[in-house]
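Take the two lone chains, each set in its own frame, and fit them into one complex as the hints suggest.
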Amino acid sequence: MAILSGGVSFGIASMPGKAFAQIPAAYAGQAEPGKILVIIQLGGGNDGLNTVIPGEDDLYYAARPNIAIQKTNALKLDQDMYLHPSMVGIKKLYDAGHVAIAQNIGYPNPNRSHFRATDIWNTGSAANVMWEEGWAGRYLMTQYPNFPIQMPKHPMAIQLGSVESLALQSDVGRFGTVFEDPNQFYQLVSGATADTDAPPATQAGDELGFLKQVAASSIQFANVIQASATKGKNSLTYPTTGLGRQLGIVSRLIAGGLTTPVYLVNIGGFDTHANQLTQHANLWKTISEAVSTFQTDMTNQNLADQISVMTFSEFGRRINQNGTLGTDHGTAAPMFVIGKTVRGGIIGANPDLKSVDANGDIKFKYDYRQVYSTVLRDHLGLDNVRTAAIFQSTFERLPIYKNSIEGMPEQVTMELLVPWPNPIRQSALIQYGIFEEATISLGVYDMQGRLMQNLFEGKRAVGSYALTLEGSLFASGHYILSLQNQRGGRLTRSIQIQND
Amino acid sequence: MPGATASNIRHLLSRSLFGFSSNDYEKAMGYGSLESLVDQAILAPLPLPAPPNAWVSLTPAQAQQDSGDAGRWYTELTQWWNKRMYTQGLNMQEKIVLFLHNHFACERDKVNYPQYMYQQNQLFRKFALGNFKQLVKEISIDPTMLIYLDGNNSRGAAPNENYGRELLELFTIGIGNYSENDVKQAAKALSGYQVRGLTVTYDPARSYTNASLTILGKTAKFNVNTLVDLIFEQKQTAEFICRKIYQNFVYYKADEVFVKKMADVFRANNYELKPLFRFLLLSDEFYKPSILASRIKDPQELIIGALKLLQIPVPDWNNAFELARMLQMQLFQPPDVAGWPGQREWISSTTYSHRGGFTDSLLSGKRYNGVNVTGKLNPLIYARTFSTCEKAVAFVNQLIDLFILFPISDAKRSFLLETMLEGTIAANWSTNTAQADVRIARLLKAMMRMPEFQLN
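Chains A and B supply the protein sequences, listed in that same order. For the first sequence, the positions run 1 to 500 when this note's numbering is used. For the second sequence, the positions run 1 to 456 when this note's numbering is used.
Because the hints were derived from the structure by calculation, they are not lab data. Be careful, since some hints might not be right.
Computed cross-link-like contacts, PhoX-like style, restricted to lysine-lysine with a CA-CA straight-line distance of at most 25 Å [to be verified]: (1) B:Lys244 <-> B:Lys261; (2) B:Lys184 <-> A:Lys354; (3) B:Lys288 <-> B:Lys137; (4) A:Lys285 <-> B:Lys110; (5) A:Lys459 <-> A:Lys71; (6) B:Lys260 <-> B:Lys288; (7) A:Lys354 <-> A:Lys35; (8) B:Lys244 <-> A:Lys363; (9) B:Lys126 <-> B:Lys274.
If we strip away everything but chain B, and leave its shape as in the complex, we get (with noise of 0.2 Å):
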């Protein structure tokens, strides 16, 4: 069993979390163990929130869309889920919804209500650390999915294959370990329903008419729940999801020898994703020096966890909506079907540019286009929640060590305390000296423009 080392805590926290402030730190610390720490806060189950708005439970119409009230409404969901991510505690929950949400992608731009994204989500939530079997079941005739890989209106007779291929290739069992003719004929067994209001309807009369359906080699009159139920009975799906989930939050190589143990677990667990999860978070492999900070943090890590970090009271929501969109990772917006690749492909010139602007907004109050950015951080009352703030070296490295999780040389140490201290001694720093905010400022701002601040 790991111990639970500053390293380890500080590792735990930023794959489960959002980021993590000193305080979240402190608190880790203070469950002596990492079995407590994931038993009792990590992996804790939570009650699902209250919805963001009255809209939630409006009947879809036309009339939202023209007057401009999805979009708008969209926005208030996105907020409402990252003051969500902001204020999770020490709590896993947020962390497996977004992984979820990537997992089943699906896009505003084609499901024009977000009435239905808003059901999909907490879905997600609910099932955070639930059957994942009985979640594939009920995100097939879920409104979101079905609008958006067409399986509304689907027929027997002639069905869209959207769904059928997507449930199979990139949801449960993974492409090469199903014919083209199992895409088929598994549209067939998914056809019959539509969305009606805020429901589903299901009509036996448009569904197949076939005597029986022949996929993944067995022969039945398959309905949603027992292809399903197949599909799960293939060995090749436990692995499928549990490669993902290890390539998610552990590292984007998977290591396929621990993923046959992790799919033992999944399967010896009737495929809960508890057990799953609080065997990994307590593994050896996750702790593996390997392991640590070899993450290229996605925006909402990135985002929030900045935001964490500089203890920013009330954030600037506008902003952050605005960044992850610039980077890549506007919610309930996926690029596609199989979501957000991650790790390299969040980094090209356009986006690692941007990320340091975001963190640079934090400090100036401006982006880089003018806009004025609320929240701005006071660099003196921040530092002054830091014990160590009048020793210069002392606060610079427990600085460095809750920012950044990759080895920082000492060579590297000496430069940001250099930039802090701007040509004075050590021995002369205190926050009452002149310029002592701006100083910390341009400490903070170089520490999160460093490249080594982008991994996790």
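Isolated chain A, as found in the complex (with noise of 0.2 Å):
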């Protein structure tokens, strides 16, 4: 019997293959080296009226005769909207260029709930289907296609705190590496051990492989995070906060050299029901002042041109304040991205106050998938078809991004359905609309992105299109349906062909 212990590198020879069947290994990507996303959770479901003020707007100051903040006081940015006046720090970076702030982001059919929420950002879903794989897990599927059978070097993704986020968990095991401390982490693991026997297949058994992979990755990574802990610093000092202390960490472990692509670190305390104002101001400070000193260090070591920070949090919180001073769970907030490649300035129209939902909450402008969509491509490099299957479907860019397209996404100018049935045994319908005349191509790719079927090419007039897939034509697996028209414009579907 193989024992695994502290300070020996071996990867675990038994996790099931339930994995390879669905990812090829020539679907592993090919990033641009060494962008690094560092992602920041606010948990509770931070206010955004409060956080990006629509400071020129009499509906926000109707709606909170007691807790608006007057635009006298806060920090003005564009288009007749304010930062809170604790966010001093941001509002520098934002005058440098290197803010970007998406305005009313949101999903269809907002849930109100924190849990199911958040299950909903972390997963990359939509509010009416469960997913049970994160959506960075599902990026990171396709970076490291033989884990966890062959384990990286270097961790896949780095979670500073103590319980891992369904962000970074899938199908095929965890991909984050989740510590407080570099050295406590080496001290915690030293001691040590794995066995590489396969497990039973049992109920029993498939929570003891669970456990056998968390304590194989534990001992792969510990030495290597410490010694990038060790060798690397911090060229300026942090503030003593929970947050400043995680960014201070991750600053020394990418100066130090890991080549981890993504990071999550956190801050709680958003839920603010009631009396809300010193603690939401005490919350952005945090932040503000947390993530600039992390964006002049990173500048500092040449490493900002690597890294972007981006925010998330559940849910926006009511336009009006409750009875306590505070306000309840609502809908659509801004999203922060940071960093030297942004496309610095503020995304979309102003939230609308007038115009607004059933229970008179903000309406959504833009998905939430579009901001990770972005990012995972303009920053991450991955590329659209990769990027359309890690979300089911394909989300318009937003220009966030030096390298993004230019200027908002257009109307919407054609439609591709989910074709049916999906898996496809013999054939398959598949139906598009065209709502503005266009030059298209329809065709089926496989996960290399290769040509392997050109269904229509030529000139399509408004109206609803239908034709037939025959999937015996194809070899069994997974393929990518994608309808692209002549102004670079691109939907995509994942289908699935299955012939016996």
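Here is the structure:
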């Protein structure tokens, strides 16, 4: 019986092979080397309207007689919007063009439960379906197709904390290495052991396999994490807040040479139902100071071009204040993307406090998966097909990065329905709609992006179209159906062909 | 009816208690049948315990916050509860109290006064085998809950929706079975309460003025009691609670067919918990082979359970308190109102490693960071409490069967035997040989470091 112990590196040979039926090795991505995403989770539901403030809108002041932030105290941005007064550091970054604020981010049929809404944001699903894999986990599957049979040298994702986020989980295993402090983690793991025996195929055996995988990856990564944290330095002193400490560690790990592409840090306390003014101000002061220190540090160490910071929270809050000087669970809210490679400024129209949803709350203008898709494609360099596969649908990108598409997403000019049936056994019905005359191409691609069959190419007038896809012409497996127009618009659907 | 086999008894004890010692196991076997064991011990009624200290009846005051008393009292309260878990014998009460604490989760960070959380904890004890519907009525106007979910000072004209939402979503009927409007209307029905000193007052003038409210399709002038009655008229409520009990005590993925059977029993007994738990603990479902050892121990089960296994006479309760915190299960401080999610969510690279560090500390007398741990095990005295201790193979097998519920292969049994023998032959083993204490400690450490040890 082979025993793994602290300091010895082995993969674990006994994990179920389920993933490999889904992810062909050729599906491995070629992300731009060295790009890093730092995600900041704002737990509890951040009050977007008191963060990025519509200071010229009378409706805002009317809805919040006691808790509105007066524009005279706030920090002026563009297009009549203001930042919360405690966000001085982020304002400086904004003025330097390093902050993109995407407004009114949400999704259809928003959920107001902390738990369900957090799951939605973590999995990248629509509100009406339950996914059990994280969106970052699915991204990491494209980057580490051999995990967990083979472990890479460096962690695939790092989360500062103790409980692993759903965002980093997947059917093949957990991508995150989770710890509070690199040295303490090393000390802890040094006594750990894990054997490589295959667990039995029972319910209890599944749980044992899971425990063994966590043990094996801790043993695998503890050394390199500690070594990087020792080698890497901070070029300036971080605030002594929880978030400051977390970003200080992220900085040392990156500066110390870890190639980990995804970091997750968090700050809680945003569930401001009562007496919210002081608490909300302190939270954003903490974030603003920690993020601006991190940004300066990365710039000093010539690492800033590699790194993007993105915030998210499970929902915004109600437009109207409640009876206890706070705000209850709401809907859409702004997201921040911060870094040297972003195209700074405000993206999208200001919150519309007049045309609201049935509950009197803000209607979302852009889907949160548009932001995720933009980050995946324009920052992490993932291609369109694989990005669409992560969300099982194409989301139009937003002009967040300097290399992003110019201007706002066009009006919807075409649609591609989900093929039926899917998986496809013999044939399936492909339906699409054209809302503006265009030259289009419709085709089936394999997971390496090679065109397998051209279904249609040419001009299409406005209308609905349907055709039949013969599954028997293909080998069994996963494919991408793609509809493109000459303006660069592209819609995709994942399809699976099963020929017995 | 399942039989009182060694395997069934160990399973029942591991799920209804915070682990068990070899003495507990022998005693449980003595009952002769699962039915006697459940009726006479596991679900036997117990009186309410004496409070941890006199502070529980002091009127909450700013002074205790300023002086740091609140923090010390919370530690005292936690250790009081830990000791109750450690000395529970064969009674399930504290396990159900913890289930209820996790179900009606409230955080001490927001409820600054331990007096309130002590009251709530005793309320859970009072209802551990009592009427769940009545508990929901009382928890709705419990000081801790009023503070934690902002019902305190909520007025009918502009109610705070926090408690109304969680009452429906997490405590009773479950997400998807009510509308946004139900939340808003329920918040009105729940308004008008204020925490005053150690008690709660109701002021009709602070409640709603509408002639009636429409909630879950019914229109009436609702108050807390009639609102809760209405919620329990919904079929989904019994199922929601039974599903949660199943997930906590049986397996984290619920069997919906069996959950419906539980819900039938729950409704037929007017939401009394005792007959529901009796039904569950004597059901064939509970003892199915696929259920055995399929649960990842929660940190309290791990910590209290390891102390019981090793029969530590005077455990280091500070160590237990600190480690539970590191393992993400600080009592009175669940992560949020949904409580601890459990099972795989207990485990990350950090918490898994801390689990091993804790069990090591009971043998080494030191934590991973060098801090001393009192009550370190004396391996020889411990070993000699086992009749098999002079026969290496039998001794190791007896320990494995006591410590680990997951089926252990012969190869692993030999590996553990060799860990103790360290090159000598089994026939030469005696607890009187040189270094026997070190070898026994090494065996115990290795068993508790096995991932199998984390399952019950």
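Tested hints:
no.: 1; hint: B:Lys244 <-> B:Lys261; verdict: holds (14 Å)
no.: 2; hint: B:Lys184 <-> A:Lys354; verdict: holds (21 Å)
no.: 3; hint: B:Lys288 <-> B:Lys137; verdict: violated (35 Å)
no.: 4; hint: A:Lys285 <-> B:Lys110; verdict: holds (21 Å)
no.: 5; hint: A:Lys459 <-> A:Lys71; verdict: violated (52 Å)
no.: 6; hint: B:Lys260 <-> B:Lys288; verdict: holds (18 Å)
no.: 7; hint: A:Lys354 <-> A:Lys35; verdict: violated (41 Å)
no.: 8; hint: B:Lys244 <-> A:Lys363; verdict: violated (34 Å)
no.: 9; hint: B:Lys126 <-> B:Lys274; verdict: holds (12 Å)
The structure is inconsistent with the numbered hints 3, 5, 7, 8, although it conforms to all the rest.
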